[in-house]
Every structure is written in structure tokens, then in C-alpha cells.
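Q: Got two chains here, each in a separate frame; can you build the complex from them with the hints?
So the protein lines, in turn, are chains A and B. Counting from 1, position 39 in the first sequence corresponds to residue 39 in my numbering; the numbering is continuous, with no gaps. Counting from 1, position 115 in the second sequence corresponds to residue 115 in my numbering; the numbering is continuous, with no gaps.
Misleading hints may appear alongside valid ones.
[Claimed, not checked] With a straight-line Cα cutoff of 20 Å, these simulated DMTMM-like cross-link-like pairs (lysine to aspartate or glutamate) come out:
1. 101/B <-> 33/A
2. 239/A <-> 259/A
3. 107/B <-> 62/A
4. 239/A <-> 222/A
[To be verified] Here are some chain B residues the structure puts well away from chain A; computed CB gaps all over 12 Å:
5. 25
6. 39
7. 51
8. 54
9. 55
10. 57
11. 58
12. 67
13. 121
14. 139
15. 188
16. 191
Hint data in this document are derived by calculation from the structure and do not stem from the laboratory. Glycine included, every Cβ here is placed at the ideal spot set by N, Cα and C.
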Amino acid sequence: MKPINNKIEGKSGGNSELSRRKRKSGLVRENMELYAIMLPTLILIFIFCYIPIYGLLIAFQDYSPGMPFLSFSGNIKWVGLKHFTRFITGPFFNRIMWNTILLSFYNLLFGFWLPIIFALLLNEVRSLRFKKFTQTASYLPYFISAVVVAGMVLSFVRTDGLANNIVAALGGTRKAFNTDPKAFPAIYTITNVWKSFGFNSILYLSAITAIDPTLYESAYLDGATRFQSMWHITLPSIKPTIAIMLIMAVGSLLASNTDLILLLYSPATYPTADVIGTYVYRLGIQGGQFSYTTAIGLLASVINFIMVFAANKASDKIAGYSLW
Amino acid sequence: MSIKRKFGAGDVVIYLVMLFVCFITLYPMYYVFILSISDPVAAAGMKVYFWPKGLYFRAYSVLATDGRMWRAYGYTIFYVISNTVLVILTSITCAYPLTSKKLVGRKFVVAFLLIPMYFGGGLIPSFLLISKLGLYNTVWALIIPSCFNIWYIILTRTFFAGIPESLRESARIDGANNFSILARIYVPLSKPILAVVGIYTIVNVWNSWFPSMVYQPDTAIQPLQMYLRRVLIEQTVDLTKLTQAEAEAMARLKLSNNQLKYSMIIFTTLPVIFTYPFFQKYFVKGVMLGSLKG
Chain A
1 MKPINNKIEG KSGGNSELSR RKRKSGLVRE NMELYAIMLP TLILIFIFCY IPIYGLLIAF
61 QDYSPGMPFL SFSGNIKWVG LKHFTRFITG PFFNRIMWNT ILLSFYNLLF GFWLPIIFAL
121 LLNEVRSLRF KKFTQTASYL PYFISAVVVA GMVLSFVRTD GLANNIVAAL GGTRKAFNTD
181 PKAFPAIYTI TNVWKSFGFN SILYLSAITA IDPTLYESAY LDGATRFQSM WHITLPSIKP
241 TIAIMLIMAV GSLLASNTDL ILLLYSPATY PTADVIGTYV YRLGIQGGQF SYTTAIGLLA
301 SVINFIMVFA ANKASDKIAG YSLW
Chain B
1 MSIKRKFGAG DVVIYLVMLF VCFITLYPMY YVFILSISDP VAAAGMKVYF WPKGLYFRAY
61 SVLATDGRMW RAYGYTIFYV ISNTVLVILT SITCAYPLTS KKLVGRKFVV AFLLIPMYFG
121 GGLIPSFLLI SKLGLYNTVW ALIIPSCFNI WYIILTRTFF AGIPESLRES ARIDGANNFS
181 ILARIYVPLS KPILAVVGIY TIVNVWNSWF PSMVYQPDTA IQPLQMYLRR VLIEQTVDLT
241 KLTQAEAEAM ARLKLSNNQL KYSMIIFTTL PVIFTYPFFQ KYFVKGVMLG SLKG
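Next up, chain B with everything else stripped away, as it sits in the complex (with noise of 0.2 Å):
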């Protein structure tokens, strides 16, 4: 049987609840939107609240301008598929000898992944190795570091687990070395980990600004968002100064240096605002997995 129940207040109680929580988590971006749109004149006034006053899009065209911008993007893709890349690679190279039965000292190099996690050296000894390492200052300072994930080998060693050691045995006595083992059939059978390890590797990389403010005082390599950093948190950028000629026709339209910053704040999350219903799937399947092994 199912349970039914009638529709009563404690309904309507827990609907209105989760109103709310659509409300305070949707609204914040929705308001920078609608404001980033919206006449500059309203726009300035910060009077917007429900919907756009007037259309605007001037804001968007003049940031199209913005080549720091554009150049801070392109070293945030290049960061992130070099790290999904070498994160994926790293992942699955090392979580396929763990599965072995005949691997002599398994157990030490279980532990070896394993007190990383609970104990590390901290920022510091990080950062004077990564100086003495020569990738200060350096592209490779976002790369090297960051290209495993001992989380992420733990995930993967955990799925591959799963694929029947039958599978491994047959391929031996039609002999395959353990290379094409796992190219061939592990690879291939360990795509939903993949996925997982591959989006959360991508997410993280693309939001990540930290590491390039300890190591690349270089503006010029950096990501995007260390730009976004400079424009909205240490305001040092003047996004009304892009250009002389905008600069003019800026103060023409009134277009507020607040409403440059929403719109560049829109203009860099819409990738993620459009794409993340798509992929959390894989977020919900990783906090699982870690779960089960946590």
C-alpha cells in the first residue's frame, strides 16, 4: 500500500518553507541580473528589484572589449583541461595496480595515499617548495601541483573495484599485459567515474583563484578569476576606463562602474549557471560514493 494522506497545513507549511529557500538562493543572482540589464539610469539608483527597468545590453558590448578579460579566460580553459586531463590520467594510473591481488606491498602504498589526507605540510613549505621547484610565477604553479587528486584515486580505486577480476584473468591468459588491461577494459568500464572526477576537477579548477594569488604575482597568467578579484573585491580595475572612445560615450550613457561589475559578473557565471543543472548529477553520485567509502 502507499501511504495518502490528505493535503493540510503541514503542507502548505513545508511548500512555503521551500519557497523561500528557491527565493534566497535564486534571487541574488537574479537581481544582479535583472540590474545588469536594466536602464542606467535605474541601474544606479539601485532601484531595480523584481524586474529589468528599460533593456539595456550596452553594458555587455563595452565589456566585450575588456582583452584582460578575454585573456584571463583563455588561461582559465587552458588551466582547466590541463588539470582534467592530467587529474583523469593521474586518477586511473593509480588506483588500477591498487586493485592487484598480486601487488607485493599494497598495504603501504595504501597508507601512503592515505596520511596526505589527514596531514600535510600547510602553506608555507608549499609554497617555498613550489618557489625552490622553479614554478613560481609560472604557468606549471596551477599545473604540476594540482594534477592529482588523492581523493579522486581513492573514488576511482573504489569503482574499479566493482569490475569483476574474471574480466582481468581472462584477458591475461589471452595475453594482455596489464597496460592494455586497463586501457582496454578498465578504461572504457569506468566511465561514470570518470565523468565524476572529470566535472568536479573541471568546477573546481574553473573557480579556483587561491593558488595563483600564493603563486603568480604575474597578472598576465593569470585566471579568471583573479580578474574578477581585482574588479570586484580590490577594485582595481576601472572597467569605465576601458577604452578613451568608451570612456566618452560611457559617461554619455551613465553607465554605472556597478553595473559593469554585474554584468561581468553575469557574463563569466552563465556558463556555469547554464550548465550545472546538467552535471550535478555527477555531484550528488561523488558525495555518495565518498560516503560509502568515508
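The shape of chain A in the complex, shown without the other chains (with noise of 0.2 Å):
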């Protein structure tokens, strides 16, 4: 290690002007490094993240593959919003939004409050061993790969399946639930909750344990039973965590997950699986119309972007908290 800027510190007695520009140089040799040490990073963060923002003006072209994004020379084709008019206007554009919705919305009905319930219970038990066995155990299907958990469902609905053997001997008609467009919804929103409900509790789990105990202790000493003591004091306690969450959860509404339907759905099932992630890979990467799907891409984010401000809004004029 050689010494380099060390003595700025050290002798500021003799000459100050002589000192002061030292410090400046140190300060600009600092820096210097300090930049030097990150810009690799920053290179990369500015071509893979703010190229694209960039290229979503494309949405406004009639783009070709090989054109620029943007140029001077004339040779792009500015269509203004008619992408975005064919989108809405278009034949699937019902079909889209309506089921991007209704899966985000009963992922929120049934998966919102599941992880809280069930960390408000794993919190009631008394044995550590299996409450910590309880809680490894949850996690596991977070851990499991998408494709290998849809290829288990994808089996569990077939004919001769696990599901169709529960259904058979519970008295009911095997049907192939992997090829029925109104089993999708639940198949779906079943096999979501099921991957993320235990590990969507750690938050609410870490917030619990961070109550003061004695609360619970005069609440005790006042009589109160322990549903009165989890009703009164530990709902209330992480309600800004729910709160939180709410927010999150309702900003992406229109955000479902692509990659698990991507996996779960098939041609005979998009009448109630297509959402616009899917439609978007299906017409853009696999049939080129880059520009079209683009414009969809934008106009998603967009409603998104404004939702999660509403619900910000909202959460902050009816509850008082807020993302920001």
C-alpha cells in the first residue's frame, strides 16, 4: 500500500493555501476512485435497464427489426397512438384485461390474507420445535421451481391424476381439469397461493415478534382471552405491515404472474388463462410485432403505475400509512 493522500490531515499548520488546494485534489482524487470502483456497474445498469425505457418508443413506430429506435434520417415510420387503438379495439382486448384482473384479484382474495392468518396461528404455538418445523415446512414450495411445481399440478389434474383419484373417490366424474378453461381460475390461483403463502408470512411473522411482550401480559392479568389478546393487540400491531402489502398487492393487479401461466396454460385453456404478459410473449417474442406489443407493455405499466399511486392515496387518507 503506497500512502497517497494521507497527509491532508496530518500537517495543516505550514502553508493553508498550499493545504487547501491538497484537500481539493483529495477530494477529486477521492472521487475519482470512489466512481472508478462503481462505474462498471453503472455502465451495465444504464444499458440493460434504461436502454429499453428508452426503446419503448417503438410503441409510437411501425418498427422493423434492423431499424434504429430513433434517428434523424427520416426512416422511421411515427404512427402515433395506433397501436394503442388497435390493442383496444381489437377482438381479445376484453378477453385480456378481463382475465388478467380476475386472476390478480382471486390470488388477492385468497392469498392476501392467508399468510396473515397463518402467522397469527403459527405465533399461538407453544411447542418451538414444531412451530419452527411448521414454518421450514411452508417454505418449501417458495424453494421448488416454477416448471417442476406446474408439472406436478399439470399431473395431479390429468384424468388418471391425484386430483381426478380424490375427486373418483369422493364420488364425483373424472374430468380433465388440465384442458377445462373453467378450472383454470382455480388451478391457477390454488397452485399460486400454495407456492407463496408460507413464505409471504415471514414479514408478518418478524413483525409479530417485534410486540412488546408486556403487552400481552397485562392484557392477561386483565382477563383477556387469547383470541381478545391476538384480536386486540397483535392484529393491530402489524397493521401497517397489512397495510403495506395491500398497497403492493393492489399496484399489481395487472401484473399476474406470467411465468406460472405460461407454464400451467395451453391453447384450450386461454379463453380464461390469456393475460396480457402471455399475449404479449405469444405476439411479440414468438410472432414478431414488436411494436404492437410494446404499446401494450407500456400501457399496462402505466395503469399500473397509477394504481399503485391511488392505493397509496387511499391507504393514506382512510388508514394513515403510506409507501411514501
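A: Below, the structure is given as C-alpha cells:
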């Protein structure tokens, strides 16, 4: 290690003009070092996060591969909002928007409360070992890959699969649920909730452990039942966490789990399974309609952005909690 | 004092609910496992519920001969290692300068990091960019665009902010420059956060398949999850035809395609099942660190 600018602090006595200049050059040197350290990452972020944002311009053009996103030589065909109107007036608009919102809504309806209830109940388990075991078990689905989960689910819902065996044992008739559009929302919601409820409970569990235990003790002395202290102490204490999770959930209402849907759906189930993400993938990546699908993606993310903003405002007004 | 209630009806209900939770989270995997090692005849009828019928490991020895699976396994390990090393490197190097009070324009850099967390170009512009950069259909498409994660940079920065400023100052007086302060003081002190970032990256890359589906049409360089997708979802790979000799043997053994698939699931998920109880604490830590800043 070579000494570089360590003498600045040490000798401030002598020539003050010289030391000020030295301090200034020390600051420049310091900043050069710091920027040199982070520059490679900043360049990567610029390329892979900012250039695609700039690439959104093709939503307003008739873009074909090989063309630049923006040039002044006049070979770009600007088309304004053509792609947006084409999507909104198109035959699939209603179906796709409806599916996207409905699947997210089911997910919110069933997936949002389960982690909270699970965390509340798990907190009441007295045996530490059983508590730990249940917690670990509940995380397992989160760590299994979506491909494996979807593969398992699809094999269970086939006519000779586990789910149908149960249906048959209960006296029902076997059905090919994997190609039944009516069954898709249920299959998707159950799979999604199963995969994530344990992991989503972590945040609530950690909020619960932060509650002051003396609150419970005084409630107990006052004769509160366990359910009462759960309702009047635990739940209000984790209200801020619940509010923030709800804001984020509402904000992502248009961003359904495209990954999982792509794995679970099939042309037979498109009527109830096709969402914005899957439609963009099929027409954009597989079909090459770049401008059209970019416009759809942009529309979805703008609506999303507005919804997070609105949900945040509403939560701030009603409950007094907000993200920013 | 501590609260001592009697073990009452409420406890019974809670324990029953928790047992049910354990059952629904563990049973599907267990079912796949017992079916994969059951006698082929029982497995073909899918009439195995609570314990394996017979004991048959032939499906696994057949799978072990699947060259495509091993190749995909190898690529997955390559992607996991290179991504993990690079993500840790970019997280450290981008987080460290942000903790310095002397950094000019710190606010701009932080804003530069935060904007992409709320707004992005989306799938198609990213796809066009990857194609233009010549990464399309190469192994680099799964490495370079994913070699940083802004969320992890912010987590690391939060952790770094807890390291006392005086440590850095005294190192400066001893003549150390920023590179050596980072390498010799900050990195050794930040093993806990690096473990969190590293393990998150390992699990995410191990389980990821979508980027490969978009950027890598060439099946020869695809990771394991893409191979699994062809076997389990698209069903374009018929495991009963692994090799000619094996096919005849399998016809004799009546090993069904379904049992082979289940064996494949166990074969490729076992590393995760056996290791996640040990590294789950890092995930819990990551969630908690994130919530502090979020």
C-alpha cells in the first residue's frame, strides 16, 4: 500500500493555501476512486435498464428489426397511438384485461389473508420445535422451481392424476381439468397461493415478534382471552405491514404471475388463462409484432403505476399508512 | 411474569390447522417421491397414496443415462456460479461508494438506481436490445443482463451504512486507498449480507427458465429448468425412448413415462429439498432487511 493523500489531515499548520489545494485535489482523487469502483455496474445498469426504457419509443412507430429506435434520417415511421387503439378496439382486449384482473383478484382474495392468518396462528403454537418445523415446511413450495410445480400440478389434474383420484373417491366423475377453461382460474390460484403463502408470512411473523410482550402480560392480567389479545394486540400491531402489503398487491393487479401461467396454460384454456404478459410473449417474441406488443406492455405498466399511486393515496387517507 | 394458560380447545384447533398446513405443503412432493420408487405396475395405475408399494429404483438408473439432462445440469451449474460471483461483485462495488459522504452527486446516483425499480422498458425492448448486442442465443444472454441486481445493491448499501465511519477514516490515515479499504475492511465485515445476496442469487438462477426461453432457442445451451419444461410441460421429450436397449428393457419393466417424469422431478429437486432448511435463515434475513428499507 502506498500512502496517497494521508498527509492532508496531519499537517494543517504550514502553508494554508497549499493545504487547501491539497485537500481539494484529495477530494477529486477520492471521487475518482469511488466512481472508478462503481462505474462498471453503473454502465451495466444504464445499458440493461435505461436503454429498454428508451426503446419504448417503438410503441409509437412501425418498427421492424434492424431499424434504429430513434434517428433523424427520416426512415422511422411514426404512427402515434395506432398500436394502442388497435389493441383497445381489438377482439381480444376484453378477454385479456378481464382475465388479467380476475386472476389477480382471486389471488388477492385468497392469497392475501392466508399468510396473515397463518402467521397469527403459528405465533400461538407453544412447542418451539413444532413451530419451527411448520415454518420450514411452509417455505418448501417457494423453493421448488415453477417448472417442477407446474409439471406436478398438470400431472395431478389429468384424468388419471391425483386430483381426479380424490374426486373419484369422493363420488365425483373424472374430468380433464388441465384442458378445462372453467377449471383454470382455480388451478392457477391454488398453485400460486400454495407456492407463496409460507414465504409471504415471514414479514408478518417478524412484525409479530417485534411486539412488546408486556402488552400481552397486562392483557392477560386483565382477563383477556387468547383470541381477544390476538384481535386487540397482535392484529393492530401489524396493521402497518398489512397496509403496505395491500398497497403493493393492489399495485400489481395488472402484473399477474406470467411465469406460472405460461407453464400451466394451453391453447384449450386461453379463454380464461390468457393475460397481458402471455399475450405479449406470444405475439411479441413468437410472432415478431414488436411495436404492437411494446404498446400493450407500456399501457399495462402505466396503468399499474397509476394504481400503486392511487392505492397509496387511499391507504394514506383511510388508514394513515403510505409507502412514500 | 410469563403467561401460563391451560392447554385448551383453542390449542387443539391451532395444532390441527398447523398439521393440515404441513400436510398440504409436504404431501405433493412426498407423493411424487413414493410414486417414483414404487413398483411400476402400481405406479402406472397411480394407486399409491401413503407409502411406496414395493421398492424400485430402476427409474433412477434409467435417468442417470440421460445425457441431455446431465448437459443441462452442467449448464445450470455454470450459470449459477457465474451469476453468483458477478452479482456479489457488482453489489459490493456499487454499494461501497454510496456510503462515502465525500461522494459528489450521491443523490443522482441513488435516483439512477431507484428509477428502474419502479419503471422498466418491459419484455420486448429488452429482447431487442439483447439481440442488437449480439447476445441472442449465446450463453452470455443468461449471464450479462442478470449480473447485477439493484435490489441487492440497496441491501448491501444498507448493511455497509452500519459499518462505523471511523474504521474507514483510520484506514485512510494509515494510507489505504478506497480499493484496499473495500477489499480489506468492508468485504471481510460483510459476510452476512454477502451470504444473503449469494444464496438468493443461487436459488433464483437455479429455478429460472423464462430468460432462457426468450433468449436461447438453442436447446444445447439451455439450463436444467428448460429441459424439465420440455419433459414435464411440453412433453416433447419421451423419457421411455432414452436409448434403444433401454426402451426394450423398459417395455419389459413396464416403467411408465409418468413414473420416469416423477423420478426426474425428484432427481432435479433433491438438491434443493435437502439444502433449503439450512439456508432458509438467509432468506428470512433478506426479507427483514428489505422491509426495513422498503
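Q: With reference to the structure, classify each hint as holding or not holding.
A: How the hints compare with the structure:
A distance of roughly 14 Å separates the Cα atoms of residue 101/B and residue 33/A; the hinted pair therefore holds under the 20 Å criterion. Restraint check for residue 239/A and residue 259/A: not satisfied, since their Cα atoms lie roughly 31 Å apart, outside the 20 Å limit. For the hint linking residue 107/B to residue 62/A, the alpha-carbon distance of about 38 Å lies beyond 20 Å, and the restraint is violated. Between the alpha carbons of residue 239/A and residue 222/A the distance comes to roughly 23 Å, so the proposed pair goes past 20 Å and is violated.
Residue 25/B, annotated as away from the interface, has a beta carbon of chain A within 12 Å; the closest lies near 5 Å. Annotated as non-interface, residue 39/B keeps its C-beta farther than 12 Å from every C-beta of chain A; the closest such distance is 17 Å. At roughly 15 Å, the least C-beta separation between residue 51/B and chain A is larger than 12 Å, which holds for a residue marked as non-interface. At the 12 Å boundary, the C-beta of residue 54/B stays outside the reach of chain A, the nearest C-beta of that chain being 19 Å off.
The non-interface label for residue 55/B is consistent with chain A: the shortest C-beta to C-beta separation is roughly 21 Å, beyond 12 Å. At roughly 20 Å from the closest C-beta of chain A, the C-beta of residue 57/B stays outside 12 Å, upholding its exclusion from the interface. At roughly 20 Å, the least C-beta separation between residue 58/B and chain A is larger than 12 Å, which holds for a residue marked as non-interface. At roughly 20 Å, the least C-beta separation between residue 67/B and chain A is larger than 12 Å, which holds for a residue marked as non-interface.
The Cβ of residue 121/B does not lie farther than 12 Å from every Cβ of chain A; its closest approach is about 3 Å, which violates its non-interface assignment. Here residue 139/B stays apart from chain A, with its beta-carbon at least about 17 Å from theirs, past the 12 Å limit. Distance check for residue 188/B against chain A: the nearest CB is about 16 Å away, which clears 12 Å, and the non-interface claim stands. Every CB of chain A is more than 12 Å from the CB of residue 191/B (nearest about 20 Å), matching its label as outside the interface.
In terms of the numbered hints stated before, the structure departs from hints 2, 3, 4, 5 and 13, listed from lowest to highest.
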